[in-house]
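Participant: In the working numbering, each residue's number is its place in the sequence shown (first place is 1) plus 135.
Keep in mind that the hints were calculated from the coordinates and are not lab data.
Mixed in with the good hints, there may be bad ones.
[What the hints assert, rightly or not] FRET-style restraints, in silico, Cβ to Cβ:
(1) V168 - N137: 30 to 36 Å
(2) V168 - A194: 30 to 36 Å
(3) G191 - L156: 18 to 24 Å
(4) G140 - G191: 17 to 23 Å
(5) L159 - I186: 16 to 22 Å
(6) L193 - C153: 19 to 25 Å
(7) I146 - I178: 27 to 33 Å
(8) L159 - G191: 20 to 26 Å
(9) Y165 - L193: 33 to 39 Å
(10) D195 - I149: 15 to 21 Å
(11) L170 - G140: 38 to 44 Å
(12) G171 - I149: 22 to 28 Å
Ideal Cβ placement from N, Cα and C applies to all residues, glycine included.
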Amino acid sequence: MNIGGVSIVLIGGIINFCLLLFQLLSGLHYIKVPLGVHKKTGIALVLFAFIHGLLGILAD
Numbered sequence: 136m137n138i139g140g141v142s143i144v145l146i147g148g149i150i151n152f153c154l155l156l157f158q159l160l161s162g163l164h165y166i167k168v169p170l171g172v173h174k175k176t177g178i179a180l181v182l183f184a185f186i187h188g189l190l191g192i193l194a195d
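Please model the entire structure based on the sequences and the hints provided.
Facilitator: Structure follows, in structure tokens:
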């Protein structure tokens, strides 16, 4: 499963890392965002992590 020669699982991992980094930095108040944004990106992180893990299992 590739997009332009790059694995979809790798792209999902990079998205997960960025979302996780954002959650960490906004939770520690290094980045000032409203609570609603923090909650929505947390939900997005859980969904992307689930999809990333599922694709990782299916790609094997």
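Participant: Compare the structure with each hint and give your call.
Facilitator: A quick look at each hint next to the structure:
At about 34 Å, the beta-carbon gap between V168 and N137 stays in the expected band of 30 to 36 Å. For V168 paired with A194, a C-beta distance near 33 Å keeps the hint of 30 to 36 Å intact. Checked against the hint of 18 to 24 Å, the pair G191 and L156 passes, with Cβ atoms roughly 20 Å apart. At about 18 Å, the CB distance of G140 to G191 agrees with the hint of 17 to 23 Å.
For the pair L159 and I186, the supplied restraint of 16 to 22 Å holds, since their beta-carbon distance comes to about 21 Å. The hint said 19 to 25 Å for the Cβ distance between L193 and C153, and at roughly 23 Å that hint holds. At about 20 Å, the beta-carbon gap between I146 and I178 misses the expected band of 27 to 33 Å. At roughly 22 Å, the beta-carbon separation of L159 and G191 lies within the given 20 to 26 Å, and the hint holds.
Judged by the Cβ atoms, the range 33 to 39 Å given for Y165 and L193 holds: they are separated by roughly 36 Å. For D195 paired with I149, a C-beta distance near 20 Å keeps the hint of 15 to 21 Å intact. In this structure the hint that L170 and G140 lie 38 to 44 Å apart at CB holds, the actual value being about 40 Å. Distance hint check for G171 and I149: the Cβ-Cβ separation is about 25 Å, which falls inside the suggested range of 22 to 28 Å.
The structure fails hint 7 only (numbered hints given earlier).
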